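Residue numbers (this note's numbering), protein chains in the order written: chain A, 1 to 390; chain B, 391 to 684.
Possibly wrong hints are sitting among the right ones.
[Said to hold, decoys possible] Pair by pair, the computed Cβ-Cβ distance ranges are:
| # | chain 1 | residue 1 | chain 2 | residue 2 | range |
| --- | --- | --- | --- | --- | --- |
| 1 | A | Pro18 | B | Asn445 | 48 to 54 Å |
| 2 | A | Ala179 | B | Lys481 | 40 to 46 Å |
| 3 | B | Lys481 | A | Gly130 | 45 to 51 Å |
| 4 | A | Ser65 | B | Gly646 | 57 to 63 Å |
| 5 | A | Gly130 | B | Asn445 | 53 to 59 Å |
| 6 | B | Arg535 | A | Pro309 | 43 to 49 Å |
| 7 | B | Glu674 | A | Ile235 | 40 to 46 Å |
| 8 | A | Gly292 | B | Lys481 | 47 to 53 Å |
| 9 | A | Glu363 | B | Lys481 | 49 to 55 Å |
| 10 | B | Arg400 | A | Gln85 | 50 to 56 Å |
| 11 | B | Lys481 | A | Gln340 | 56 to 62 Å |
| 12 | A | Glu10 | B | Gly646 | 43 to 49 Å |
| 13 | B | Gly455 | A | Glu132 | 51 to 57 Å |
Don't read these hints as lab results, they were simulated from the structure.
Note that the structure is predicted; figures quoted are calculated from it, not measured.
C-beta atoms are modelled at their ideal positions from N, C-alpha and C, and glycine is treated no differently.
Spelled out, the chains give:
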Amino acid sequence: MKLHEYQAKEIFRKWEIPTPEGAVAFSGIEAIQIAKKLNASRYVVKAQIHAGGRGKAGGVKLVDSPEEVKAAAEELIGKRLVTHQTGPEGKEVLKVLVEAASSIKQELYLGVLVDRNLNRPVIMASGEGGMEIEEVARKSPEKIFKEWVDPLVGFRSFQGMKLGFNLGFDAKLSRKLTAFLDKLVRLFEGVDASLCEINPLVLTEDGEFLALDAKLTLDDNGLARHPDLAELRDITEEDPLEVDASKHNLNYIKLDGNIGCMVNGAGLAMATMDMIKLSGAEPANFLDVGGGASAEMVENAFRILMSDPKVKAVLINIFGGILRCDTLATGVVEAAKKVQVDRPIIIRLEGTNVDEGRRILNESGLDFQVADGMKDASEKIVSIVQSFNQ
Amino acid sequence: MAILVDEQTRVLVQGITGSEGSFHTRQSLEYGTNIVAGVTPGKGGQDLDGVPIFNTVESAVKETGANATVIYVPPRFAPDAVMEAADAGIKVIVCITEWIPVLDMVKVYAYVKSRRATLIGPNCPGVITPRAKCRMGVMPYRIHREGSIGIISRSGTLTYEAVGQLGSLGLGESTVIGIGGDPIIGSKFIDLMRLFRDDDQTEAVLLIGEIGGTAEEEAAAYIAEEKYPKPVIGFVAGLTAPPGRRMGHAGAIISGGQGGAKEKIAAMKAAGIFVVETPADIGETVQRALKARK
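All chains, full assembly: derive it from the sequences and hints.
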C-alpha cells in the first residue's frame, strides 16, 4: 500500500527520524494558517499524489511568505499533475504539504527495500541525491553503496560507519548517519514496509541529517497487524471500480482495453490477458476471483466487468481446483439476471465439477459461447475482434 | 525417481483440523498419499479419518516417523509452523499459506537454511509426484498422470492449465512443484532444476514464470552456464501487465525497471530455452522440445 509523503513523514516523526516541520492542507486557507504557525523565512508547498516526479512536473513550489503559500496551494489544489509516473491523464491534486524550507549543505539518496535475491532487507545509499536511483544504477552503479541487514543479528553500527565513510563523511558525521539508519531500519521493520526511500536525504548547514522527502510503501501482507496504518489508505488515489472490487475481496486492476476477463488464479489471469493481446485485442482488466470464490463474489465480479463501458466482450476462463465450476456458473447466472448482458460472453470451464457447471449455464437461457480450451477461446476472441472491424 | 517426495515420503499435515487442512487431507488420502500424522496444538490425541493428531511436530515425528510436512495454517501462525517443522528435523516443508508478511519470511528463510531444510512456498499450490500418489497441497489431483516432465511454477491455476494441456497430448509429470507467488520463497527455479537434472524419471523441465523479480533470468543464466543436460521449456505470464501494480501475487510486480516479461523471455531465448509463445501452446511446446531432443 502506497502512502503519501505527509503520511510517511508523520510516521517518521513517531520513530524520531528528523523531518522538516510542516503539515497537510486541503485548501489555501489551511495552507496559510500552517505557514503562519511555522513562521519560517521560506516555505515549500508540495502536491500530495501517489506518484514520483512531482518536482519536474511543477508540483513543488518554493515561496517566501504565508500569502505566497496560499497562492501556491490554490494553484496546485484541483490541478491535474502529469508526471512520468502518472500516465498522460495525470492525477488530480487534492491536498498539499506545507513545510518550512531547510538550509541544505548536501543532498543524498537513502533507501531500504527487500532484496528478493538475497532474501533480506538492503540499505542503499548514494551521494547522488535528488536523482532517480534507477538512473544512478544505470549510469554509475559504483556510486551506490549497499549494506544488507542480517535477519539473525539486525542492522549493526559497523555497517552504518562503512556507508558513512564510503559517502565521504568524517567519523563524527558517519556516527550521526549510523544513528539515523538505525532508526530507519527499526521503522522499516516496525511498520512492515516493503520500500522506504528518502530522496533527498539532506545534510543541513548546521550538520544534521534530515529527511527532506519521504516515500513509504507498506507490505499489504503486513497490514493485518497494523490496523492503524491500514486506515491510511487513500481511495481517492484509486480507480473507483478497483475500490468497489476490493470491497468484495476481488483482485481487480483496470486497464485500457476492450475485452474484459474473469479468471481464477493470478498466473492464469495474466496468461489470459496476454492471450487476449495475442489474439489482436487488448485486455480491459486483470481480474483474479481467487481460489475460494463464492457465487456472490463471481456475481460482483461480473457486474464490475460489465460496468466498464469500454468492454466490448467478456471472456471467463476458469480452471477449477478449489473453486468449483458449478459455483462459478451459479454466480454468472445470478449476475446475468441483474445486469443487462448486451455484449458477447465466452466461457471456458475446466476442472472440478465441470459437467455440473456446464449444465447450469446451458439451462439458464443465458446467451454465451463455450470455448473448449485456451486455443479455442483465443480463436473466438479473434472472430469477435474481426466483427468489430467490419 | 521423481524429486523431493516419493514412495518413501511419510506426510505430516500442520493445521490438519482447519477447513482447508481437513479438506485437502481427505483429498490426498483419497488419492493415495501416505499421510501419517497431523498437528493442531490442543487437539493432540484426536484423529482425522484415522490420521492421528499431535500437539507438536516433535511428538508427531517421534511417534510416526513423518519426514515431510505440508502447512495449512493461517498467516499469523504459519512462520512458527515452518520453523517448528525445521526445528524437529523435517527436511521437506511445503507451506501453502498466503498473506505471510514479507519481513516474517526474511526470518523464516534464514532459519530454515540454518537447519538445512528445503522449504517450498509460501503462497503456493504445493508439490505432487503422481507415480508415488504423493500430493502435498491443493492441486486437483485428477488432472495429473505419471510421466517424464518436471514442472516448476510460480503460479497455481496456470500450472493446472499446463498439466491439462500435457495430459491431452498423453504426457505426464515426474514431480510438479508450485514454488509460490511471494517475493521471498523457500526455493527458486535453480534450486529445483538441480534436483531435476539428477533425476532419472525427468526427461524435460517446464518452467512457468511470471513478472516480478529476476528468478527467470537467473534460471536462464544457470542453464547456459551449466550446459543443462535436459531440454527446458519456459513460459512467462504478464506481457500485458502494467508496471508498478501488484498482479494478484505479492511478488508479481514490475518495479524499478525490473521484472518485466519481455526481459525474462529474451533471457530464456538466449539460453536456448524453448519459449512458449502463447499460453494455449504450453503442451505443444513441451512435445516439440522432447522431439528435438530425440
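Against the structure, the hints come out as follows:
1. A:Pro18 / B:Asn445: 48 to 54 Å: holds (49 Å)
2. A:Ala179 / B:Lys481: 40 to 46 Å: Since the Cβ atoms of Ala179 (chain A) and Lys481 (chain B) sit about 42 Å apart, the hinted range of 40 to 46 Å holds.
3. B:Lys481 / A:Gly130: 45 to 51 Å: About 50 Å separates the Cβ atoms of Lys481 (chain B) and Gly130 (chain A), which means 45 to 51 Å holds.
4. A:Ser65 / B:Gly646: 57 to 63 Å: violated (39 Å)
5. A:Gly130 / B:Asn445: 53 to 59 Å: With a Cβ separation near 57 Å, Gly130 (chain A) and Asn445 (chain B) satisfy 53 to 59 Å, so the hint holds.
6. B:Arg535 / A:Pro309: 43 to 49 Å: Given about 45 Å between the Cβ atoms, the range holds.
7. B:Glu674 / A:Ile235: 40 to 46 Å: holds (44 Å)
8. A:Gly292 / B:Lys481: 47 to 53 Å: violated (30 Å)
9. A:Glu363 / B:Lys481: 49 to 55 Å: With Cβ atoms ~51 Å apart, the hint holds.
10. B:Arg400 / A:Gln85: 50 to 56 Å: With a Cβ separation near 52 Å, Arg400 (chain B) and Gln85 (chain A) satisfy 50 to 56 Å, so the hint holds.
11. B:Lys481 / A:Gln340: 56 to 62 Å: With a Cβ separation near 57 Å, Lys481 (chain B) and Gln340 (chain A) satisfy 56 to 62 Å, so the hint holds.
12. A:Glu10 / B:Gly646: 43 to 49 Å: violated (25 Å)
13. B:Gly455 / A:Glu132: 51 to 57 Å: holds (56 Å)
Of the numbered hints listed earlier, those contradicted by the structure are 4, 8, 12.
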